[in-house]
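Protein sequences, first through last, are from chains A and B.
Its first residue numbered 1, the first sequence is counted upward by one per residue in the numbering used here.
Its first residue numbered 1, the second sequence is counted upward by one per residue in the numbering used here.
Worth flagging that the hints you see were computed from the coordinates, not collected in a lab.
Glycine included, every Cβ here is placed at the ideal spot set by N, Cα and C.
Treat the hints with caution; some may be incorrect.
Stated by the list, open to error - Covered, in the sense of this in silico footprint (three residues per stretch, anywhere, with C-beta under 8 Å from a C-beta of chain B), are these stretches of chain A:
1) 10–19
2) 30–42
3) 47–55
Stated by the list, open to error - Pairs of lysine-lysine, BS3-like flavour, derived with a Cα cap of 27 Å:
4) 131/B <-> 52/A
5) 120/B <-> 131/B
6) 241/B <-> 48/A
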Amino acid sequence: MSADSTTPDVILCPGGPMLLRGDHVVADDEGVEHRTDRPLSAVCRCGKSATKPWCDGTHKVIPEKLRP
Amino acid sequence: MAVLPKPRGPLSEALISALLRGGDARPVEVGPGDAEDAALSLWILYELSYRGYDGIDDRLEFDPELVRVRRTLEDDLEQRLRERWPGCPAYEPEQGFAAAFFAMIEADDGPSLARFVQRKASVEQAVELLKHRSLYHLKESDPVALTLPRLPAAPRAALAELQYDEYGGGRPERLHAHLFAEGMAAMGLDATEGGYVDEAPLEVLEQNNAMSLFGLNRRLRGASVGHLAAFEATSSLPCRKMAQGLERLGLPPEIQAYYLEHVEADAVHEQVAVRMICEPLIAAEPDTEDDIWLGAWSCLDLEARIARRLLEQWGAA
Chain A
1 MSADSTTPDV
11 ILCPGGPMLL
21 RGDHVVADDE
31 GVEHRTDRPL
41 SAVCRCGKSA
51 TKPWCDGTHK
61 VIPEKLRP
Chain B
1 MAVLPKPRGP
11 LSEALISALL
21 RGGDARPVEV
31 GPGDAEDAAL
41 SLWILYELSY
51 RGYDGIDDRL
61 EFDPELVRVR
71 RTLEDDLEQR
81 LRERWPGCPA
91 YEPEQGFAAA
101 FFAMIEADDG
111 PSLARFVQRK
121 ASVEQAVELL
131 KHRSLYHLKE
141 SDPVALTLPR
151 LPAAPRAALA
161 ELQYDEYGGG
171 RPERLHAHLF
181 AEGMAAMGLD
191 ATEGGYVDEA
201 PLEVLEQNNA
211 MSLFGLNRRL
221 RGASVGHLAA
231 FEATSSLPCR
241 KMAQGLERLG
251 LPPEIQAYYL
261 EHVEADAVHE
271 QVAVRMICEP
281 LIAAEPDTED
291 DIWLGAWSCL
301 DLEARIARRL
311 LEQWGAA
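Excised from the complex, chain A in its bound form (with noise of 0.2 Å):
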């Protein structure tokens, strides 16, 4: 990435969540709402984390083939 390239506000990141740059409003798996409250945001891809729909770093303690 160049710095002068557009810069993404959803990133993937490899094995772990996706970053979401800027306000929004998060539907969890339920259908329940969730406000982002940072300038940018995890959100969970495991599905193991305590704090849905936001990533809380449990996707490095579960065996590699079973994160994202």
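Let chain A serve as the given structure and place chain B on it in line with the hints.
Structure of chain B alone, referenced to chain A:
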């Protein structure tokens, strides 16, 4: 503002006298009595570059004699950190820096204070740990903030975005250092910066000094962001354990809240630090890569030294 500590040897005593005396510092003719005296001396001088000391002349930050002493002490610290470091891990270019970095973090099997607090620590032990942590948490993110203007565009923008969150996103009440101060106050502890420095063992002083060393020296910008990345990447899960331990002990919700905030915040920050700060810094300035690994490894090692020291002291090693 910090409070001046009690001296722990001839050098820290001479420096405290020089600060209290004010004006141009006279030649400091004594050396450190031991490693603790050296570490405290360096901590005292570094504190002049943050918010200083009440009643002490701010011009002393760049007093030539005090800068000379600081330089000697920080050269010793840097040499020690480099001697401990086993060197860059070997990784294939196709694996990529980020995957290699997270693999190093995963392979780290150092002792965990968070796990001990989660399951076994007494209130007294948890309080002792929080006092030691206060040295850094009350100026959280400040050392790496000094690195910001020294970075090329892409990592500079990413570090600013990370720090905007650390510093509360424009809301002082959400500043991480402030959250920790609120937690300390709720526990009836002193939230003055450096308020517990007199109780800090060598390992805690060294951990704090290493961050200031990396942050204040432009040439060590790689080590500064490498340290940041390792710190963030070892934070989310341990912070949950800390919060669980503090809840188990019935300690105030304010101090639990500090750790809970870091579960989510640092799950973001670790990705930003590794993928959006370190990786683009290597792309722009390949010579910084070795120091990025040095900073990261030192972060893990310095924390392991504190953990071993405290767990041994508590008979839990």
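Status of each hint after checking the structure:
no.: 1; hint: 10–19; result: holds (count 7)
no.: 2; hint: 30–42; result: holds (count 5)
no.: 3; hint: 47–55; result: holds (count 4)
no.: 4; hint: 131/B <-> 52/A; result: 32 Å, violated
no.: 5; hint: 120/B <-> 131/B; result: 18 Å, holds
no.: 6; hint: 241/B <-> 48/A; result: 16 Å, holds
Of the numbered hints given earlier, the model fails hint 4 alone.
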